[in-house]
Amino acid sequence: MAFTEELITDKLTAVPVNPNYRDAKVPTHLEAPKVEVVFIEHADPYGPFGGKVVGEPPITPAVATVANAIFNATGKRIKELPITPDKILQARQV
Amino acid sequence: MKSFENIDAKSVKDAVGLLQKFHQQKKVAAVVGGGSEYLQLMKDHVVEPEYLINLKSIPGLDYIKEERGGFRIGALAKLADIEDHPAIREKLLILSAAAGDAASPQIRNAGTIAGNLCQRPFCWYFRSSNFTCLRKGGQLCYTVTGDGRFHAILGGGPSYIVHPSDTAPALVALGAQVKITGPAGEKTLPLEKFFVLPSIDYRRENILQPAEIVTEIFVPLPKSGSKGFHYKVRERLAWDHAIVAVDTVVESAAGLVREARLVLGGVAPIPWRAVKAEAFLRGKRLDETTAEQAGEIALEGAKPLKDNVYKVKLAQGLIERGLLASV
Numbered sequence: 889m890a891f892t893e894e895l896i897t898d899k900l901t902a903v904p905v906n907p908n909y910r911d912a913k914v915p916t917h918l919e920a921p922k923v924e925v926v927f928i929e930h931a932d933p934y935g936p937f938g939g940k941v942v943g944e945p946p947i948t949p950a951v952a953t954v955a956n957a958i959f960n961a962t963g964k965r966i967k968e969l970p971i972t973p974d975k976i977l978q979a980r981q982v
Numbered sequence: 298m299k300s301f302e303n304i305d306a307k308s309v310k311d312a313v314g315l316l317q318k319f320h321q322q323k324k325v326a327a328v329v330g331g332g333s334e335y336l337q338l339m340k341d342h343v344v345e346p347e348y349l350i351n352l353k354s355i356p357g358l359d360y361i362k363e364e365r366g367g368f369r370i371g372a373l374a375k376l377a378d379i380e381d382h383p384a385i386r387e388k389l390l391i392l393s394a395a396a397g398d399a400a401s402p403q404i405r406n407a408g409t410i411a412g413n414l415c416q417r418p419f420c421w422y423f424r425s426s427n428f429t430c431l432r433k434g435g436q437l438c439y440t441v442t443g444d445g446r447f448h449a450i451l452g453g454g455p456s457y458i459v460h461p462s463d464t465a466p467a468l469v470a471l472g473a474q475v476k477i478t479g480p481a482g483e484k485t486l487p488l489e490k491f492f493v494l495p496s497i498d499y500r501r502e503n504i505l506q507p508a509e510i511v512t513e514i515f516v517p518l519p520k521s522g523s524k525g526f527h528y529k530v531r532e533r534l535a536w537d538h539a540i541v542a543v544d545t546v547v548e549s550a551a552g553l554v555r556e557a558r559l560v561l562g563g564v565a566p567i568p569w570r571a572v573k574a575e576a577f578l579r580g581k582r583l584d585e586t587t588a589e590q591a592g593e594i595a596l597e598g599a600k601p602l603k604d605n606v607y608k609v610k611l612a613q614g615l616i617e618r619g620l621l622a623s624v
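Chains as they are written, first to last, in the numbering used here: chain A, 889 to 982; chain B, 298 to 624.
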């Protein structure tokens, strides 16, 4: 979400230009970071029946963390996901 | 995919004869080696041949032979075999590295060197059946109005594709030659003369005529005192094309550059030789200043599109890095 799998659309025709695994660039094993899974086994008073979430929702803070790290490193705030190398380099040029 | 007829070629002569016959009959025919590229074009409906001439049935066209002056590589030599060849690793490391940077292991196990050099562009407008772009007989190169973040900054116009081959810049830097076989016989020419700029013909990427086939690549050994450098910047570490790639071969003596060859990939519709920067470097001592100047000279005249301005600095930086690694 932070780095890969951008759906790129031709602005004039609204046709997606990368609707395939080659150009949408899903991560390969080489890009996949080491993931450590930690379960929080306490009831959450705000969750339904004390529940929290697993799977996709916990990824959200990771994206903000990455975006902040890039801002911290480059001084450029990139407000579009995913943050790919060309966007960082382009932001530093203009 | 449209149905087609497969014909196993018995020899190069047989394949050329078949191509010529179908061309005269105005039938669409093509040769395939590994098939990793051409079959994809068929699936994307970019090409719809009636006949496919299979070259893999030709015995002995996948050789890698070391001779006194260099290496002879048969058209059907697989990228994986070039990558892993012990003598190529020892004497032409940038070629091994470039072959190993192409596509994915599965594709390198099928894809051939000739197929890699004859690839069609991987521009997303060219590959999409939703766009009939200039290169497919349309009126417009859609990168001009659309998204050109991965497209050409040098040598573009009227089409702004970048040449997709990873091995081509390395081979051009090494001064490789290509052998083409056609109805009139064989001819050998420097590989850099094989590629065609869109300003000359925007419907093709190379000089191959309808019944001609690439049959061999000859790579001369670099002169003693030479150092090579290969680097490919990409978004994904496997199965991705170059955003910018640089291949340099620098021959030095007594701390001074005798001859330098700088070739960029991912920036132009052909493997882009920075001839002016090469001339500038002749007789110079390589240091941070001359390397930086060479990078600036190499990118003089670059005309980026609105989305790929970043490639200019990236290419300059890579040239600098390559030259400093060649001291």
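Hints were generated in silico from the structure; no laboratory data involved. Computed from a predicted structure; not experimentally measured. Honestly, I wouldn't trust all of these hints.
[Unchecked claim] 20 Å max Cα-Cα, derived PhoX-like pairs, lysine-lysine:
hint, chain 1, residue 1, chain 2, residue 2
1, B, Lys433, B, Lys310
2, B, Lys600, B, Lys610
3, B, Lys388, B, Lys362
4, B, Lys524, B, Lys581
5, B, Lys310, B, Lys476
6, B, Lys603, A, Lys967
7, B, Lys324, B, Lys310
8, B, Lys476, A, Lys975
9, B, Lys484, B, Lys340
10, B, Lys362, B, Lys600
11, B, Lys610, A, Lys975
12, B, Lys573, B, Lys603
13, A, Lys899, B, Lys603
14, A, Lys975, B, Lys600
15, A, Lys964, B, Lys603
16, B, Lys490, B, Lys610
17, B, Lys299, B, Lys388
18, B, Lys353, B, Lys310
19, B, Lys610, B, Lys573
20, A, Lys964, B, Lys388
Each hint tested on the structure:
1. B:Lys433 <-> B:Lys310: violated, 29 Å
2. B:Lys600 <-> B:Lys610: holds, 12 Å
3. B:Lys388 <-> B:Lys362: holds, 13 Å
4. B:Lys524 <-> B:Lys581: holds, 15 Å
5. B:Lys310 <-> B:Lys476: holds, 14 Å
6. B:Lys603 <-> A:Lys967: holds, 18 Å
7. B:Lys324 <-> B:Lys310: This hinted pair holds, its Cα atoms lying about 19 Å apart.
8. B:Lys476 <-> A:Lys975: violated, 41 Å
9. B:Lys484 <-> B:Lys340: Violated, at about 33 Å.
10. B:Lys362 <-> B:Lys600: violated, 41 Å
11. B:Lys610 <-> A:Lys975: holds, 13 Å
12. B:Lys573 <-> B:Lys603: violated, 25 Å
13. A:Lys899 <-> B:Lys603: With a Cα-Cα distance of about 13 Å, the restraint between Lys899 of chain A and Lys603 of chain B holds, given a limit of 20 Å.
14. A:Lys975 <-> B:Lys600: holds, 18 Å
15. A:Lys964 <-> B:Lys603: Holds. Lys964 of chain A to Lys603 of chain B sits at ~19 Å (cutoff 20 Å).
16. B:Lys490 <-> B:Lys610: violated, 27 Å
17. B:Lys299 <-> B:Lys388: Cα-Cα ~44 Å, so violated.
18. B:Lys353 <-> B:Lys310: holds, 14 Å
19. B:Lys610 <-> B:Lys573: holds, 17 Å
20. A:Lys964 <-> B:Lys388: violated, 43 Å
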